[in-house]
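Novice: For the record, the sequence lines run as chains A and B. The number in my numbering is simply the position in the first sequence, starting from 1, with 288 added. The number in my numbering is simply the position in the second sequence, starting from 1, with 288 added.
Mixed in with the good hints there might be a few duds.
A pair holds if it fits inside one copy or across any two, identical chains being indistinguishable in the list.
The list that follows gives simulated cross-link-like pairs (lysine-lysine, DSSO-like), each with its CA atoms no further than 27 Å apart [as the list claims (entries may be wrong)]:
(1) Lys-429 / Lys-464
(2) Lys-464 / Lys-408
(3) Lys-395 / Lys-325
(4) Lys-297 / Lys-464
(5) Lys-429 / Lys-297
(6) Lys-373 / Lys-323
(7) Lys-429 / Lys-408
(8) Lys-405 / Lys-429
(9) Lys-333 / Lys-475
(10) Lys-333 / Lys-501
(11) Lys-297 / Lys-405
(12) Lys-475 / Lys-408
(13) Lys-408 / Lys-395
(14) Lys-405 / Lys-475
(15) Lys-395 / Lys-501
Simulated from the structure, these hints should not be mistaken for lab results.
2 protein chains.
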Amino acid sequence: MRPELTDIKALTFDVFGTCVDFRGSIIRECRAFGKDKGLRVNWAKFVDAWRAGYRPAMDRVSRGELPWTKIDVLHRMILDELLEKFGLGRLTEEERVHLNRAWHRLKPWPDTVRGLKRLKKRYIIATLSNGNVALLTNMAKHAGLPWDCIFSAETFHHYKPDAETYLGAAEMLDLKPAEVMMVAAHKHDLRAAAASGLKTAFVRRPHEYGRNKGADLVDDPAFTINADDFNDLADQLDC
Amino acid sequence: MRPELTDIKALTFDVFGTCVDFRGSIIRECRAFGKDKGLRVNWAKFVDAWRAGYRPAMDRVSRGELPWTKIDVLHRMILDELLEKFGLGRLTEEERVHLNRAWHRLKPWPDTVRGLKRLKKRYIIATLSNGNVALLTNMAKHAGLPWDCIFSAETFHHYKPDAETYLGAAEMLDLKPAEVMMVAAHKHDLRAAAASGLKTAFVRRPHEYGRNKGADLVDDPAFTINADDFNDLADQLDC
Chain A
289 MRPELTDIKA
299 LTFDVFGTCV
309 DFRGSIIREC
319 RAFGKDKGLR
329 VNWAKFVDAW
339 RAGYRPAMDR
349 VSRGELPWTK
359 IDVLHRMILD
369 ELLEKFGLGR
379 LTEEERVHLN
389 RAWHRLKPWP
399 DTVRGLKRLK
409 KRYIIATLSN
419 GNVALLTNMA
429 KHAGLPWDCI
439 FSAETFHHYK
449 PDAETYLGAA
459 EMLDLKPAEV
469 MMVAAHKHDL
479 RAAAASGLKT
489 AFVRRPHEYG
499 RNKGADLVDD
509 PAFTINADDF
519 NDLADQLDC
Chain B
289 MRPELTDIKA
299 LTFDVFGTCV
309 DFRGSIIREC
319 RAFGKDKGLR
329 VNWAKFVDAW
339 RAGYRPAMDR
349 VSRGELPWTK
359 IDVLHRMILD
369 ELLEKFGLGR
379 LTEEERVHLN
389 RAWHRLKPWP
399 DTVRGLKRLK
409 KRYIIATLSN
419 GNVALLTNMA
429 KHAGLPWDCI
439 FSAETFHHYK
449 PDAETYLGAA
459 EMLDLKPAEV
469 MMVAAHKHDL
479 RAAAASGLKT
489 AFVRRPHEYG
499 RNKGADLVDD
509 PAFTINADDF
519 NDLADQLDC
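All chains should be modelled from the sequences, with the hints used to inform the complete structure.
Specialist: See below:
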C-alpha cells in the first residue's frame, strides 16, 4: 500500500450519487406511481427539477434564512412546489408522503454493497451525507448497506461542505482528520474535506445524471485516490 | 403478538451491562495486563471502583459542574485517580491509553449477537448508550454487534436518564416515542424512557456485577416486556 494510505482508519462516504443511484431510483418510483394513478408526466424532468431544488434549499439553511431543517422536510417543500408546477396539485397527503419517502428507498450502484463489505473488514465505514439520520438508516436497511455508523448533516446541524461536518465526523470517531478518508463522486465535496485535512477518494459514477450524461469523470491527482468504483477502491486499499 | 407491540418500529439498547459484560471483560483485560507487567493488584476491586466512579462523573456533567465531556475522558479521569490509589502511579501514558481503551473491547453476553441479528430483521436496532460514538463503534466492530445506527449521549450532549436522549433518538429516527422500545437491564433507565413515552423491555442480566451477584432480576409488569435474554425478547416479538 502507498505510504500515505497506511494511517487511514475510517472511510466516510457521500451517499446520494456516490453509493446510490438517486435519479434512476426516484424516476422508477415516480413512473410506477404515475402508471398506478393514470398520470401523464415527464417524470425524468420532474425528478431533475426535484434534485435541482436541493442545493438552493440547503444553502438557505447554511445562510441562516431557514432554521435547521432536515432533508426530508426540504425535499417535501420542493415536492409541494413542483406538484403545483406539473399540474399535480390534487395529490393527497398520503401520496405526497409516499413520493417523498422514495428518497429512503434508493438503490445502490451494482458494486456498492460488495465494495462496502470488503472495505468494512479493514476500516470503519460510515456515511457522511446531507441526508437525515432516518433517511440514511431506512435506506441502509432497504439496500443492505453495512454501515458501522451513520453520520449526517443532522448530527452536526450543518450541511456539507461546511467544515463542521468533516471535522465533526473525525472527532466523533476520535480520529485525526488525516486518519479519515472522504469518499465521493463529487469534487466539491472532496475539496472541502481536503481543506479540513481529510484524505480523499474520488469515485467515478458515470450514470449519476442519466446514462453517460454529464458526470465529471476526470481524475485529479490532488485526490489521495481516484477509483472506478468501490471494488477498485477496495483493491487500491488492499482490502 | 400482543396488540401494544404492533406499533414498534425501532429498538434502542442500553449497552454496558445489557449487551456486553463490562465487568468480566475489563477484569480479564486488567489481569492479563497485570500479569504481563508483573503487578499484584486486586483487579476485581479496581474495576468495581472504576465503574463506581462513572455515575458521579456523569452527574457532574448533568449538573453543569463540568462542560460536555465524553465517557472516554471521564473513564480516563477516574482511571488516573485510581492508579494513584492502587499504587500504580508509575504507569506510562501508553499503558493508561491501553487500559482505558479496554472499554472499546467489551465482550457481548452469549445471546447478544444472535438475538440482535434476529431482532434486526424486523426492527431498526440502535444503541442508546452513555458510551461515546467512537467507543460504541469500535466495540461493535470488535464484538460483531450489527447495529443499524449508533445513538450516544454524545449525539445529544446529554447523559441518560435525561429525556433529551430518549426523545432525541425517536426524533432522529422520525418516529413517535411510542414506536420506539428501550431495552435495558436497568430499571431506572427504562423508567426514564417510559416517562418520555417509549415502550420498555427489561432484560435480566444476572451476572452483570459478578456471578449471580446483586443484579435486580425481578419482573415489573409496568414494563412492556420482561425477558430472560435477547433470544427471549426476539421470541416475544415474533422475530
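Novice: Compare the structure with each hint and give your call.
Specialist: Hint by hint, here is what the structure shows:
In this homomeric assembly, Lys-429 and Lys-464 come within 27 Å of each other (Cα to Cα) only across copies, at 19 Å, whereas the closest approach inside a single copy is 29 Å. Proximity of Lys-464 to Lys-408 under the C-alpha cut-off of 27 Å is restricted to the intra-copy arrangement: shortest distance 19 Å within a copy versus 32 Å between copies. When the C-alpha separation of Lys-395 and Lys-325 is checked against a cutoff of 27 Å, the pair qualifies only within one copy, where the shortest distance is 23 Å, while the shortest distance between copies is 53 Å. In this assembly of identical chains, Lys-297 and Lys-464 lie within 27 Å of each other by CA distance solely inside one copy; the values are 9 Å within and 36 Å between copies.
In the homo-oligomer, the alpha carbons of Lys-429 and Lys-297 lie at most 27 Å apart both inside one protomer (24 Å) and across protomers (13 Å), since each shortest distance falls under that limit. Taking the shortest Cα distances, Lys-373 and Lys-323 sit within 27 Å of each other inside one copy (19 Å), while across copies they are farther apart (74 Å). Proximity of Lys-429 and Lys-408 under a CA criterion of 27 Å is satisfied in both settings, with 16 Å inside one chain copy and 9 Å between copies. When the C-alpha separation of Lys-405 and Lys-429 is checked against a cutoff of 27 Å, the pair qualifies both within a copy, at 14 Å, and between copies, at 13 Å.
Taking the closest pair of Cα atoms, Lys-333 and Lys-475 come within 27 Å of each other only inside a single copy of the chain (25 Å); across copies the shortest separation is 54 Å, beyond that limit. With identical chains, the CA atoms of Lys-333 and Lys-501 are at most 27 Å apart within one copy only, with a shortest distance of 14 Å there and 66 Å across copies. Proximity of Lys-297 and Lys-405 under a CA criterion of 27 Å is satisfied in both settings, with 15 Å inside one chain copy and 26 Å between copies. For the identical chains of this complex, Lys-475 and Lys-408 are intra-copy neighbours only, at 23 Å inside a copy versus 35 Å across copies, given an alpha-carbon limit of 27 Å.
Taking the shortest Cα distances, Lys-408 and Lys-395 sit within 27 Å of each other both inside one copy (20 Å) and across copies (20 Å). Taking the shortest alpha-carbon separations for Lys-405 and Lys-475, only the intra-copy value of 24 Å comes in at or below 27 Å, while the best inter-copy value is 37 Å. For a Cα distance limit of 27 Å, the shortest separation of Lys-395 from Lys-501 inside one copy, 19 Å, qualifies, whereas the shortest one across copies, 50 Å, does not.
Of the numbered hints given earlier, the model fails none.
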